[in-house]
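S.K.: Based on the sequences and whatever the hints tell you, model everything.
Protein chains in written order, with my numbering: chain A, 1 to 295; chain B, 296 to 590.
Mixed in with the good hints there might be a few duds.
[Said to hold, decoys possible] Stretches of chain B that chain A covers, calculated by requiring three or more beta carbons in the stretch to come under 8 Å of a beta carbon on chain A:
| hint | stretch |
| --- | --- |
| 1 | 340–351 |
| 2 | 487–499 |
[Said to hold, decoys possible] Lysine to aspartate or glutamate pairs mimicking EDC-like chemistry, simulated, CA-CA at most 16 Å apart:
| hint | chain 1 | residue 1 | chain 2 | residue 2 |
| --- | --- | --- | --- | --- |
| 3 | B | K476 | A | D220 |
| 4 | A | K51 | A | E267 |
| 5 | A | K181 | B | E562 |
| 6 | B | K476 | A | D83 |
| 7 | B | K376 | A | E176 |
| 8 | A | K181 | B | D378 |
| 9 | A | K184 | B | D515 |
| 10 | A | K181 | B | D515 |
| 11 | B | K479 | A | D220 |
| 12 | B | K516 | A | E176 |
| 13 | A | K221 | B | E471 |
| 14 | B | K476 | A | E129 |
| 15 | B | K548 | B | D578 |
| 16 | A | K81 | B | D515 |
To be clear, the hints were calculated from the coordinates, so they are not data collected in a lab.
Idealized CB from N, CA, C, for every residue including glycine.
There are 2 protein chains.
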Amino acid sequence: MLGTVALDTVKTPFGERKEMLGGSAVHFAMSARLFTPVNLVAIIGEDFPQKHIEFLRQKGIILTSLLKEKGRTFRWEGEYKGDLNSALTLNTELGVLSAFRPCLQQAEKRIKRIFLANVDPDIQRHLLESMCKPRLVGLDSMNYWIAHKRNALLRLLKQVDIYVANDQEARSLSGEHNLIKAAKWLVRHGPKMVLIKKGEHGVLFYTPGFIFSLPAYPTDKVIDPTGAGDTFAGGFMGYLAGVNKISRKTIKKAIAYGTVAASFNVEGFGAEKTSRLTLRELDSRINIFKRYVLF
Amino acid sequence: MLGTVALDTVKTPFGERKEMLGGSAVHFAMSARLFTPVNLVAIIGEDFPQKHIEFLRQKGIILTSLLKEKGRTFRWEGEYKGDLNSALTLNTELGVLSAFRPCLQQAEKRIKRIFLANVDPDIQRHLLESMCKPRLVGLDSMNYWIAHKRNALLRLLKQVDIYVANDQEARSLSGEHNLIKAAKWLVRHGPKMVLIKKGEHGVLFYTPGFIFSLPAYPTDKVIDPTGAGDTFAGGFMGYLAGVNKISRKTIKKAIAYGTVAASFNVEGFGAEKTSRLTLRELDSRINIFKRYVLF
Numbered sequence: 001m002l003g004t005v006a007l008d009t010v011k012t013p014f015g016e017r018k019e020m021l022g023g024s025a026v027h028f029a030m031s032a033r034l035f036t037p038v039n040l041v042a043i044i045g046e047d048f049p050q051k052h053i054e055f056l057r058q059k060g061i062i063l064t065s066l067l068k069e070k071g072r073t074f075r076w077e078g079e080y081k082g083d084l085n086s087a088l089t090l091n092t093e094l095g096v097l098s099a100f101r102p103c104l105q106q107a108e109k110r111i112k113r114i115f116l117a118n119v120d121p122d123i124q125r126h127l128l129e130s131m132c133k134p135r136l137v138g139l140d141s142m143n144y145w146i147a148h149k150r151n152a153l154l155r156l157l158k159q160v161d162i163y164v165a166n167d168q169e170a171r172s173l174s175g176e177h178n179l180i181k182a183a184k185w186l187v188r189h190g191p192k193m194v195l196i197k198k199g200e201h202g203v204l205f206y207t208p209g210f211i212f213s214l215p216a217y218p219t220d221k222v223i224d225p226t227g228a229g230d231t232f233a234g235g236f237m238g239y240l241a242g243v244n245k246i247s248r249k250t251i252k253k254a255i256a257y258g259t260v261a262a263s264f265n266v267e268g269f270g271a272e273k274t275s276r277l278t279l280r281e282l283d284s285r286i287n288i289f290k291r292y293v294l295f
Numbered sequence: 296m297l298g299t300v301a302l303d304t305v306k307t308p309f310g311e312r313k314e315m316l317g318g319s320a321v322h323f324a325m326s327a328r329l330f331t332p333v334n335l336v337a338i339i340g341e342d343f344p345q346k347h348i349e350f351l352r353q354k355g356i357i358l359t360s361l362l363k364e365k366g367r368t369f370r371w372e373g374e375y376k377g378d379l380n381s382a383l384t385l386n387t388e389l390g391v392l393s394a395f396r397p398c399l400q401q402a403e404k405r406i407k408r409i410f411l412a413n414v415d416p417d418i419q420r421h422l423l424e425s426m427c428k429p430r431l432v433g434l435d436s437m438n439y440w441i442a443h444k445r446n447a448l449l450r451l452l453k454q455v456d457i458y459v460a461n462d463q464e465a466r467s468l469s470g471e472h473n474l475i476k477a478a479k480w481l482v483r484h485g486p487k488m489v490l491i492k493k494g495e496h497g498v499l500f501y502t503p504g505f506i507f508s509l510p511a512y513p514t515d516k517v518i519d520p521t522g523a524g525d526t527f528a529g530g531f532m533g534y535l536a537g538v539n540k541i542s543r544k545t546i547k548k549a550i551a552y553g554t555v556a557a558s559f560n561v562e563g564f565g566a567e568k569t570s571r572l573t574l575r576e577l578d579s580r581i582n583i584f585k586r587y588v589l590f
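M.R.: The following block contains the structure:
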């Protein structure tokens, strides 16, 4: 998976953490690793703490394409006020990320299931085009690229299977307010499948002929939502990669796993909870979740 | 059920209707009637078209406590722009509603299942206190009363079993942003059960020891959402009254019926679609809904 490794400083009504391990690649990997081997394609600076590298390695994440370059690691600083749904970005320091060119080991080019987390769409495309006949490609992006690199993103959409977006992104890219109309618009522009994340309201999956929707796992223990979307994507893509089969049944199950993985993410700072998560805990919460949503 | 009968003028991107039959009591009754007899406690003015009365009677609604008073019928005029989730109120004319004192037939005082739709909490309490040992009491309100008659509303909460609120109302009354925390706060203040309506994002039900959540029925045919919440409440309360049993199973089913009934409501202006709805159509959409949300 392609994404960012970051040092996050986060303040919420429940406390504060300085320069903890974060970034889309880390959050994604913490849930995906429960289902499948995860190769992490990202960049760090010389200042990146060695303990984080050892920690990722301990978790079984494959780091052969984690580049270390001169300069500082990507840093993000944000705060959540009473409404824990949206972060106020206090500071972003791109550091080595601004000159990131992913570079894969030869063997990694034959990986068949790829997730391109939110980075510059040109970098995403560069990585995708270096791959040898991938079978399943997932893509995430963000409002910044929709506004500033819309054409590059639209071109990239034609090359992916699943586009994962939050509700605002889906609306802003499609110009449609109704999320099903937005999903239909997106499918007309490339991806076979669209997965719209609605934060505390859950997700909506759309592919022609098949709609699926789940609420979020109901929890009142929201400590820090940073990385919930990436954790969701990791559970979703990880499960699909693990079962190596795309059907209505596996997609539903993948969405349920992603949903439940994200619920663990928000219950602690950064990846504190997801990094200790086991498949057993995930399955046990899936069973509780079933009682919450099945009628 | 206690509520309003109104003449609604509505404009949406899909068209306009002038002085059509509306109001919380009408929308509620259109879905509740599919499960149980519905007595309508409301007020109309002298100008209320006779054809609407005949229409309600045809639908089997019991109108013995529909008061007709001197003055004009309650009128509401609103517009929905691109975002069909929130109405812009252009005009409200209370008319006879401003002096409404519900007055029940003796026999109606023994009705056991009651829904108090959004009117002045003092009127709601007045009606409730005239009832003879009701078994199940549902309550709806709105932001206006939360802001202007908070104490009256809090007092009333202690006398009801189910409080049905939208997410904004639940947040504003409880002061809690997290909806589960808000629901817990509400339960501490009276009702055994809380049902939070989240519009296009579905609903969240809470009672101590039992949480249940469903997304909305996914539809891209939203024509006019006016009355969706009341239609939901009508399906929910109507089903519970019909089966005459409160259990986890019946609550889940009631929420599913309410959800699906509301999806018909939004697909036409006012009660155009729900007034023609049959239980068969509702059941058939419940089955489609199951495919959309069960994993």
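S.K.: Hints first: check each against the structure and report whether it holds.
M.R.: Tested hints:
1. 340–351: Coverage by chain A is violated here, the residue count being 0 at a Cβ distance below 8 Å.
2. 487–499: Holds, because 5 residues of the stretch 487–499 of chain B bring their Cβ atoms closer than 8 Å to Cβ atoms of chain A.
3. K476(B) x D220(A): Status holds; Cα separation ~6 Å.
4. K51(A) x E267(A): Violated, at about 23 Å.
5. K181(A) x E562(B): With Cα atoms ~14 Å apart, K181(A) and E562(B) stay inside 16 Å; holds.
6. K476(B) x D83(A): holds, 13 Å
7. K376(B) x E176(A): Judged against 16 Å, a Cα distance of about 12 Å means the pair holds.
8. K181(A) x D378(B): holds, 13 Å
9. K184(A) x D515(B): holds, 10 Å
10. K181(A) x D515(B): At roughly 6 Å apart (the allowed maximum being 16 Å), D515(B) and K181(A) satisfy the hint.
11. K479(B) x D220(A): holds, 10 Å
12. K516(B) x E176(A): holds, 13 Å
13. K221(A) x E471(B): holds, 13 Å
14. K476(B) x E129(A): violated, 47 Å
15. K548(B) x D578(B): Holds, because 11 Å separates the two Cα atoms, which is no more than 16 Å.
16. K81(A) x D515(B): violated, 33 Å
Checked against the numbered hints listed earlier, the structure breaks hints 1, 4, 14, 16; every other hint is satisfied.
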